[in-house]
Amino acid sequence: MSEELDLKMKKYLRGGAANLEVLQDKKLKGQLAHRENLYGKSAKAAAKFEKWLMPSEGGYLEAEGPVEKTWRFKQEDIGQAVDISSARNQYDVVLPELGPYTMDFSSSGQYMAVAGRKGHLAIVDMKNFEVRKEFQVRETVRDVVFLDHQLLFAAAQKKYTYIYSPEGIEIHCLKDHGTVLRLQYLKTHFILASVNKFGHLHYQDVSTGASKSYRTGLGRTDVMRVNTVNGVVALGHSGGTVTMWNPNSSAPLVKMLCHHGPVSALAFHPNGHLMATAGKEKRIKLWDLRKYEALQTLPGHANTLDFSQKGLLARGTCSFAEILSGAEHYSRYMNHSMVKGYQIKNLLFRPYEDVLGIGHSMGWSSILVPGSGEPNFDSWVANPFETRKQRREKEVHLLLDKLPPETIMLDPSKIGTVKPARNKEKPTKKEREAEMEAAIEDVKGSITLKNKTKGRNKPSKRAKKKQEIITKVKRPFLEQEMREPQLSRKKQKVCVEDELPKSLQRFTRKKAAT
Amino acid sequence: MAETKRKARDEPKHMAKKSKKQQKKHSDSKTPAKKDKKSDARKRTGPRLPNSLRKVLDHLNRNGPSNSEDEEEIESDEGELYAEDLYEYQEGVPQEESKKNRRFDPVENFEYELPQNFKDENVLSDDDDEDDVDEDNGGSKTADANGDEIEEEDGGRHVRMLQGITGMPSEAFERKKKKNNVVISEVYPESEYNPSREILDGDGRISMEDLLGPLQDKPGFGKLRKRMDQMKKSEVIEAPLPQAIREKVERGTAYKLSKTDITKWEPIVKKNREAPTIYFDENTDLGFSTVGAIASEFEPRTEFEKQMASLVYDDNVMEAHRKDGSRLLELNKVSVEDEKERQNRIAKMRSLLFCHEMKAKHIKKIKSKTYHRLLKKNRLKTSAMEIEMDPEAAKEQALKQEFKRAEERMTLKHKNTSKWATRILRRGLQVQDEGTRAAISEQLHQHALLSRKMNSMKDNSSSSGSDDSSDDDDDVHKNPAVSDQGRASKLLEKAKEKTLKILEVEDEVPKSGLLSLPFMERGLKKRKEAADEEAKLALQEYESSLKQMEDSSGAENPKASTSSGRRVFGAAVKTHAPESRNMVKSDTFYANSDSEDDMEAKENTADVGNNKSNDSQKDVHPDSVLPHENTEIVQDSVFKSFDDIVRDPGPKTTYEVAIFASDRWRKMESRDKMDAKSKRSVKSVGTEHNQDSEEPMKEVGDHSDSESEGQMVDGVLALGPKPSYELPSQAELIRQAFAGDDVEEDFENAKQEVLNEENPEPEKPVLLPGWGQWTHVQKKKGLPSWMLKDHENAQRKREEALKKRKDARLKHVIISEKLDVKAQKLLTKTLPYPFTSKEVFEQSIRMPIGPEFNPATTVGALNRPEVVKKPGVIIRPIEFKEVNPHENTEGHKSSGQKQKMKKSKGNGTKMTKKTKMAGGKTMKVK
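Heads up: the sequence lines are chains A and F, in that order. Mapping to the UniProt record's numbering: the first sequence position 204 is 204, numbers consecutive. Mapping to the UniProt record's numbering: the second sequence position 364 is 364, numbers consecutive.
These are computed hints drawn from the structure, not numbers from a lab. It is possible that some hints are incorrect.
Listed next, with one range per pair, are the computed distances between beta-carbon atoms [to be verified]:
no.: 1; chain 1: A; residue 1: LYS212; chain 2: F; residue 2: ALA750; range: 22 to 28 Å
no.: 2; chain 1: F; residue 1: ALA750; chain 2: A; residue 2: VAL443; range: 27 to 33 Å
no.: 3; chain 1: F; residue 1: LEU783; chain 2: A; residue 2: LYS472; range: 17 to 23 Å
no.: 4; chain 1: A; residue 1: LYS389; chain 2: F; residue 2: LYS838; range: 45 to 51 Å
no.: 5; chain 1: F; residue 1: PRO865; chain 2: A; residue 2: PRO501; range: 28 to 34 Å
no.: 6; chain 1: A; residue 1: GLY15; chain 2: F; residue 2: GLU297; range: 55 to 61 Å
no.: 7; chain 1: F; residue 1: PRO865; chain 2: A; residue 2: GLU328; range: 43 to 49 Å
no.: 8; chain 1: F; residue 1: LEU831; chain 2: A; residue 2: LYS212; range: 30 to 36 Å
no.: 9; chain 1: F; residue 1: ALA750; chain 2: A; residue 2: ARG290; range: 18 to 24 Å
no.: 10; chain 1: A; residue 1: LYS389; chain 2: F; residue 2: VAL868; range: 32 to 38 Å
no.: 11; chain 1: A; residue 1: ASN128; chain 2: F; residue 2: ALA750; range: 50 to 56 Å
Subject to a maximum C-alpha distance of 27 Å in a straight line, what follows is the list of computed BS3-like cross-link-like pairs (lysine-lysine) [said to hold, decoys possible]:
no.: 12; chain 1: A; residue 1: LYS414; chain 2: F; residue 2: LYS751
no.: 13; chain 1: F; residue 1: LYS270; chain 2: A; residue 2: LYS29
no.: 14; chain 1: F; residue 1: LYS526; chain 2: A; residue 2: LYS187
no.: 15; chain 1: A; residue 1: LYS127; chain 2: A; residue 2: LYS389
no.: 16; chain 1: F; residue 1: LYS404; chain 2: A; residue 2: LYS444
no.: 17; chain 1: F; residue 1: LYS825; chain 2: F; residue 2: LYS811
Note that CB positions come from ideal geometry on N, CA and C, so glycine has one too.
Isolated chain A (complex conformation):
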């Protein structure tokens, strides 16, 4: 019991205290020790409360004996075993005319937006399976994404991207995104990211409207996913590379060669450290994003990949969906075959439910995947039973807690830490002198003068020669030094005016001419 508690505590301690013995300052040491003590208490309390706050545990499939395999279980078997409310989640919606469907869940899993390729857009309330709104845009719709913000949703249509209200009213037309193939939404940053058919990555802040566009230069792609932990957007390219982007730099943060063939799908684990990629060369790879190494290579195609909240990985090809599970090593967990001829377009786990949504060419369906969703929801983060009032309240809170786009970086835990020293910083005068001295010593040691003919081998001449060599070594250092002070003086001049607040700047002495 105590061990368990310790384990939980460790999670809440977030890495534990540093070694305080390094500190010389007694006062600081005392203060930090006191803080650490408080942190410990807090972590302990939190670990204890976990029992009450996270009462339910996730489900799972268990095979009896070595012969029985979890992936042999059929949906019908599972449906019979579970309660009615869960069994309701097994269904197929057959809409054969309006093309392959894609879908997106709101962050609480309360609503689902579905988009048929041929212009069918709908919002479905997942609690009572009611269609809240359904309309036809009479255009190709390539992707749909929830904005989590007044229940708005964006649809990438034939030419432009549009943002619709939950009532189906067009609110915005985002023309500068171009012909968008894929959309992603960064919830904490309020940024809508899109990639168009020319391979341009476009970021747009949906709260302020500010936008930024970057050329990937790697061709057309419709493989795009956002890492929810750090907000980095990853794109899969036809060259087998995966690039990761943030809105602050025009070059990718990371570019990695993942496959030999084109990358066909991509997904991020909710903990942000694990990435799954699928290549057309029939490989699925799992990558550790801390080391940028492939952890595991699985055989198989995947048109679409998705990680569940609990870390299950779903892949879909043709009419076949497979779910993999495992802590370190992913292995087959469940299979689901659909009617032959159905083409799976999109797989998406529903948050806070053990449900996998499948969008395919003949509509969409939903299957049960035990142990996929987070069993305990945090109503501060996402509340599946949210009322309208709560939602309104939350929207304000979300806006207040909006993160600026600068916070999107590979390792957001670096925020607040001390800026690393730039290695290109100028060496100090002392260092430079030391360097010069070292160079001189180096040369002095290695001076070897040739023995010259009689008249030319005078000691005075030899000394002169030596001196010359030394001055030659010295020169670049001295020249640099000559160059430096002027620069610094210039800088100072600029600085004086810069340092003053604007209101006082007019009192700075101008040049003597005026």
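Guided by the hints, dock chain F onto chain A, whose structure is given.
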């Protein structure tokens, strides 16, 4: 201190003995240095001798060296002895001896007798004094009886004292001590002038006891004796220490005392310092805090406040206040000084004014024209400057100018209306000499200058100004009621007349000067001819325009006439020859205006034409489009069949096609929406027909792609869910399939590019033939070694830099090393103050402390401020309380003042006394 005192007392004895000893032994070893030291020591410790005595002693000492060694010794010793005597006389003996008569007047005597710092004496030598006194008494009484023992002890002390003073080892003084033991016999016979040793020592002297003896049986003797005893106890007052040393000692003691006093605060202060939070919520009773309440409690404390209070609450004042406030005014008298000052000030001002006046008068009287001219120039300059600088002045100036102009226009003073001018004009300008002509022209010029319309600085807009001026003009020419039309015709007529006149009148060309030269004449003639021609042309035009006007009543543009009218007036007024050209200009202007009108008309027509042409173009456009449409519409039927063909493969292809519809086709779409069915087919076919770019090609490619995908899919479908990768042939197949695109190499190249961008590869050294060395040498030796070395160094540096990269060991990854400038503001620039280690700092900020991240039970503790205080609570200076220093401070909610007093039995009870620190520890208050 005690020792030094004793030394002062003992010294005489030693001296006497020493001298005797020396005399007896004739010891030569004694060095003057030692003597000096001793004397130094004495000087330092003993009281100051009067200067006169000192001189005598010095004299004695100086005499010494001239004598023989022995004598010197003796004499010097004697000198010292004298000095000691003197010393004794001054300090040791005096009190009883000299003040004998007055000592029964105890109080006065006591007070009088005490040196300034008797207190010091008491404090410092409490026990020593007593001992000394005892000893002294004993010594004086039983000097001989006790003999050697005391002597020895005394000697020991003395040596120690010497040692302490001089800092020399005790061996240096050893000999003297030994000498002390030797019995000394007197050299000189005993007499009045040569006092014996006993007398000198005080044995032979009259003592108190001697004097008191006869009084023994008298009444009041007991009392007297008691007092005597009392006196005795404190009778010998030691020589005070030099001030510097005394102060030093004082400070030392004070420091010790204060140290012990301060250290008792240590645990309290330490506890407060270590406490994470200090509470000041003890005395929450705030009481009244109004101004009145505070003021009523005020008590005058300082001298100043008391004085003020006495003045404020003076009875007279209070009474006056109560009775009549006007009485207070009586106090409000003006002092003489103030009045005087005021008068002085006024007088000064008056005198200054007078001076100024006188100066102005003087300047006015100056008749020098040059002076005034200069003055005027100066003034103008300053005014001009002012105008530039000051808008107000500029306005004034403008007003003045306007006034002048009005005056000029009214009086026409500078026009040729004066007697003089008319006379000259009558006589003919040609007849006049140059000066007169110049004067006339000057006058005219002035007129022109004055009557010229200035750009007014007034607020009224230029348009209104022009209106005014036009009105003025109208006034001048008395044509207010004439309609625009009539006026224009009239103007034209006038202009015609004028031009005719000019044509008729021969230009008066000056016959003298430059213009009389033949070539100038020729030039002038030519010009004139040209002008004449122009004038004729103008005349023609006038006529034609007049006719026109008559024909079409009021077809003219009024605007043109008004706009040009003023200019014409200005020109028409002038009658001089040079103006003729102006006239012509105006004419041309007229012509221009006309032509402009024409032009406008033309433009209009042109516009219309343009419009038409535009329209026609537009028409053409649609035309160019329309046929297309038509053709398409015509073709529609043809395409339909096509469409059917396209449709055949299935719906998949058709929606793919829709992407590539261009704008124009979109338009058409909207039109086509009416006929719903054929739309998509048209679109698709249209796009295919369009063929303006590679899109169709692409599309085709897409098609093929999708198809191939479909095929692949089919293949997989055929394989089904079964894992088939085990088959080597399959893997081989895949490998072969992707062997063509060298993805890895591409990636490697890309990475190399990125690396080169950040750390460019150093240039390869190039040999320039003939540079730096003779060519044949170059050929033989190749590249110079330094070049090679440089290159090598650069390369090494680059490699090192590359090794430092995060992705140096990852072949398949490029991690951007670019600095994210925007994210820099999210980092801490430098390590904050108390931290010295980066790791510790970063670990210390790892935990969120907000309520979202912590249980409610700990949020309070995590976020408690350093000082908890209610607003308005007065923080009193820290009070002393017993604190157990080893107590754990944590969990102590009440720290500092809230702590209850505890009495620890172990410590002294004194500590429980409450004390208040004056300054108090200043507390931070948030």
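We went through each hint and held it up to the structure:
| no. | hint | verdict |
| --- | --- | --- |
| 1 | A:LYS212 to F:ALA750: 22 to 28 Å | holds (23 Å) |
| 2 | F:ALA750 to A:VAL443: 27 to 33 Å | violated (41 Å) |
| 3 | F:LEU783 to A:LYS472: 17 to 23 Å | holds (19 Å) |
| 4 | A:LYS389 to F:LYS838: 45 to 51 Å | holds (46 Å) |
| 5 | F:PRO865 to A:PRO501: 28 to 34 Å | holds (30 Å) |
| 6 | A:GLY15 to F:GLU297: 55 to 61 Å | holds (58 Å) |
| 7 | F:PRO865 to A:GLU328: 43 to 49 Å | holds (46 Å) |
| 8 | F:LEU831 to A:LYS212: 30 to 36 Å | holds (33 Å) |
| 9 | F:ALA750 to A:ARG290: 18 to 24 Å | holds (23 Å) |
| 10 | A:LYS389 to F:VAL868: 32 to 38 Å | holds (36 Å) |
| 11 | A:ASN128 to F:ALA750: 50 to 56 Å | holds (52 Å) |
| 12 | A:LYS414 to F:LYS751 | holds (26 Å) |
| 13 | F:LYS270 to A:LYS29 | holds (15 Å) |
| 14 | F:LYS526 to A:LYS187 | violated (89 Å) |
| 15 | A:LYS127 to A:LYS389 | holds (17 Å) |
| 16 | F:LYS404 to A:LYS444 | violated (93 Å) |
| 17 | F:LYS825 to F:LYS811 | violated (32 Å) |
Checked against the numbered hints given earlier, this structure breaks hints 2, 14, 16, 17; the rest are met.
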